[in-house]
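Given only the sequences and the hints, what does the whole structure look like? Please build it.
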Amino acid sequence: MSHEQPSAYAYLRHTKKFPNVWCSGCGIGIVMGALIRAIDRLELSKDDVALVSGIGCTGRMPVYLDFNTMHTTHGRALAFATGLKLAQPGLKVIVIMGDGDALAIGGNHFIHAARRNIDLTAIVVNNSIYGMTGGQSSPTTPLDSRATTAPYGNIEQPVPICELGMAAGASFVARSTVYHAVELDRFIEQAILKVGFSLVEVASYCHTTFGRINKLGSAVDMLRQLKDTSLTQAAAEKLPPEQRAGKIVRGVLCDLDKPEYSALYDEIIRRAQGPATEKVQPGEVFRAR
Amino acid sequence: MVLKFMQGNEAVSWGALAAGCRFYAGYPITPSTEIAEMLSRELPKLGGKFIQMEDEIASLAACIGASVGGLKAMTATSGPGFSLMQEHIGYAAMTEIPCVIVDVQRLGPSTGQPTSASQGDVMQARWGSHGDYPIIALSPSSVAQAFELVVTAFNFSEKYRTPVILLLDEVIGHMREKIELPDPDSVTRLERMGTNVPPEWYKPYGDAISDVPAMASFGSGYRYHITGLLHDPMGYPTQRLDEIDPWIERVQRKITRNLADILLWEEDDIESVNTVVLAYGATARSARHAVKLARQRRHKVGLVTLLTLWPFAEEVVARVGHTARRIIVPEMNLGQLALEVERVAGRQKVQRVNRADGEMITPQVILDAIEER
Chain A
1 MSHEQPSAYA YLRHTKKFPN VWCSGCGIGI VMGALIRAID RLELSKDDVA
51 LVSGIGCTGR MPVYLDFNTM HTTHGRALAF ATGLKLAQPG LKVIVIMGDG
101 DALAIGGNHF IHAARRNIDL TAIVVNNSIY GMTGGQSSPT TPLDSRATTA
151 PYGNIEQPVP ICELGMAAGA SFVARSTVYH AVELDRFIEQ AILKVGFSLV
201 EVASYCHTTF GRINKLGSAV DMLRQLKDTS LTQAAAEKLP PEQRAGKIVR
251 GVLCDLDKPE YSALYDEIIR RAQGPATEKV QPGEVFRAR
Chain B
1 MVLKFMQGNE AVSWGALAAG CRFYAGYPIT PSTEIAEMLS RELPKLGGKF
51 IQMEDEIASL AACIGASVGG LKAMTATSGP GFSLMQEHIG YAAMTEIPCV
101 IVDVQRLGPS TGQPTSASQG DVMQARWGSH GDYPIIALSP SSVAQAFELV
151 VTAFNFSEKY RTPVILLLDE VIGHMREKIE LPDPDSVTRL ERMGTNVPPE
201 WYKPYGDAIS DVPAMASFGS GYRYHITGLL HDPMGYPTQR LDEIDPWIER
251 VQRKITRNLA DILLWEEDDI ESVNTVVLAY GATARSARHA VKLARQRRHK
301 VGLVTLLTLW PFAEEVVARV GHTARRIIVP EMNLGQLALE VERVAGRQKV
351 QRVNRADGEM ITPQVILDAI EER
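These protein sequence lines are chains A and B, in that order. Per this note's numbering: the first sequence = residues 1 to 289. Per this note's numbering: the second sequence = residues 1 to 373.
No wet-lab data here; the hints were simulated from the structure. Some hints could be false.
Said to hold, decoys possible - Derived, one-sided and incomplete: chain B residues facing chain A with beta-carbon distance under 10 Å:
1. L43
2. K45
3. A58
4. A73
5. H88
6. G90
7. Y91
8. T95
9. M175
10. K178
11. S217
12. H225
Given the structure is predicted, the values throughout are model-derived calculations rather than measurements. Note that CB positions come from ideal geometry on N, CA and C, so glycine has one too.
Right under this line is the structure:
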């Protein structure tokens, strides 16, 4: 707690990159701040951090940050990150995605990255909508909410991101909101430290599309709604189930110690190479057959 | 050197290892699966890594990620998977990240006929991803050539920072043939040009005399941005025309000004003949035999076997078109590369021989075409 607030300045790219693309009042900036604080507190070298993203508003975050950054294709960030992590196991690979990015087009990659339990930190910024394209319904749009592609109300059930991550095999799963910024950077810090697939869902908002279409007010109003509709796990457990519905439950939902993919693959290499004295050289591979 | 009897798919795997491939991500699909199976066994022996991904989209994504991490990376697939990979072929072209994509062509469209041969992905290899981008595609016509060309594919990929496609067909992929495997140490291996400038000077997409900027690996102390958006020399997104146009010109130029290096073909007596058979892949084997038979019957026939399909060997075809009265283009499709031959040599000169039912074009069919007047 004695740690000073870091200067975000040291982590930003200053040439040509600002102002950012996000609408004023957007929650994504709060997530970026939390990520910077977490990395600063862990005292990670900027050279040792890779930030990988997909497409969408959240996907634009890496370009502003002075790490090894990769803005990939829609939904596929985890697949790119998987290859990068295997090639450079020493890198802390953090994947930042939106809800449509991670759970719709990227849903399969999400499940399989969690299933492999590869050491990636996945942060999903959930604003319940496709913001960049102007407010279409996403896999996390609440039932009955409106979107530009659900003008009469959404009839699809929202996907529970954290529960899906846990079911698929993630080691660490936590949820917070952009209102709870201090808690959020703690969760991100824990997620980065965790060896294995870790997931942090951040409940955010999009006042310019979702908020406007559903008449939820300004960015500040929506931040307040996050405060009012969220509660800690302990508080949630005391509530009867019918009162829990529609609430955002914050907290570390799972924290398990399980074998991690890259470490397991190192064991595969040891098995394939046999006893150290018989290490196979490239030239001998052909002859060995 | 060791004498072996093996499949084209196996030769591709050994060739990839000899070329320095240390990462493979793939998804099972007939008729390419042997490559994944072999590399899952052989890569870890060399300290390399194999991963079976959830689909072909993720496979090529993982390869690109590994390449950014500094490993030479490859994936292999067939038609349906090749369709899925188009997204990231475009991404690799846009971001100039080396990777090799092997497509063992099978009969399409859609699921088609998984164990039947085809050359139906020729145009997809050129134009499969959206937008304009340069691409290199190579096509072997023997098991030995599969080994050679996968090495070449890696070398081109690293040298020009571009995705390279190796177009096998089911025949070459599954056929067993004699091959002299070279000593891996004797194989020419090119590495991507790295950088040693101070990190603050590094421009990942800056001008280079060769038109191919140096590429630093993530984690090597050079922090930079990679994006599928059009970008400036620093890799940052741009909408400025004075930054977009130079990028478009440079990535085209890095291929077009190196055609002398990239275009590979074999020609057999194309001077003073009136007919030339132009073929590639498994069809080139039938063509070779047909030409031999035709010569025994005193027909003046030449043979061109294209190894580089893309960029298209315009100069070669123009030269052939200049001397020969007729160019016969046999393909296991309904006429794909023939379109390019017609574009360069003129439609009147081109005689197509096509078959797209999964069976090979026999020498007799080509011989009949040669004897057709």
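Closest C-beta approach of B:A73 to chain A relative to 10 Å, hint status: This interface hint holds because 7 Å falls under the 10 Å limit.
Restraint outcome when B:Y91 is required to lie within 10 Å of chain A by C-beta distance: Interface hint status for B:Y91: holds (6 Å vs cutoff 10 Å).
Hint B:K45 vs chain A: min CB-CB distance below 10 Å? holds (5 Å)
With a cut-off of 10 Å, does the beta carbon of B:A58 approach a beta carbon of chain A closely enough for the hint to hold? holds (4 Å)
Mind checking the CB of B:H88 against every CB in chain A and telling me if the closest is under 10 Å? Since the shortest Cβ distance to chain A is 7 Å, the answer is holds.
Hint B:M175 vs chain A: min CB-CB distance below 10 Å? violated (19 Å)
Does B:K178 meet its interface restraint, that is, does its C-beta lie within less than 10 Å of any C-beta in chain A? Given a least distance of 15 Å, the restraint on B:K178 is violated.
Holds or violated: is there a CB of chain A closer than 10 Å to the CB of B:S217? holds (7 Å)
Is the hint on B:G90 kept, meaning its closest Cβ partner in chain A is under 10 Å away? Result: holds, 9 Å to nearest chain A Cβ.
Restraint satisfaction for B:L43 [CB to CB of chain A, less than 10 Å]: The hint holds - B:L43 has a Cβ within 10 Å of chain A, the shortest such distance being about 8 Å.
Interface hint compliance - B:H225 to chain A, C-beta minimum distance less than 10 Å: Result: holds, 5 Å to nearest chain A Cβ.
Have a go at the B:T95 hint: is there a Cβ in chain A nearer than 10 Å to its own Cβ? holds (8 Å)
Hints 9 and 10 from the list above are not met by this structure, while the remaining hints are.
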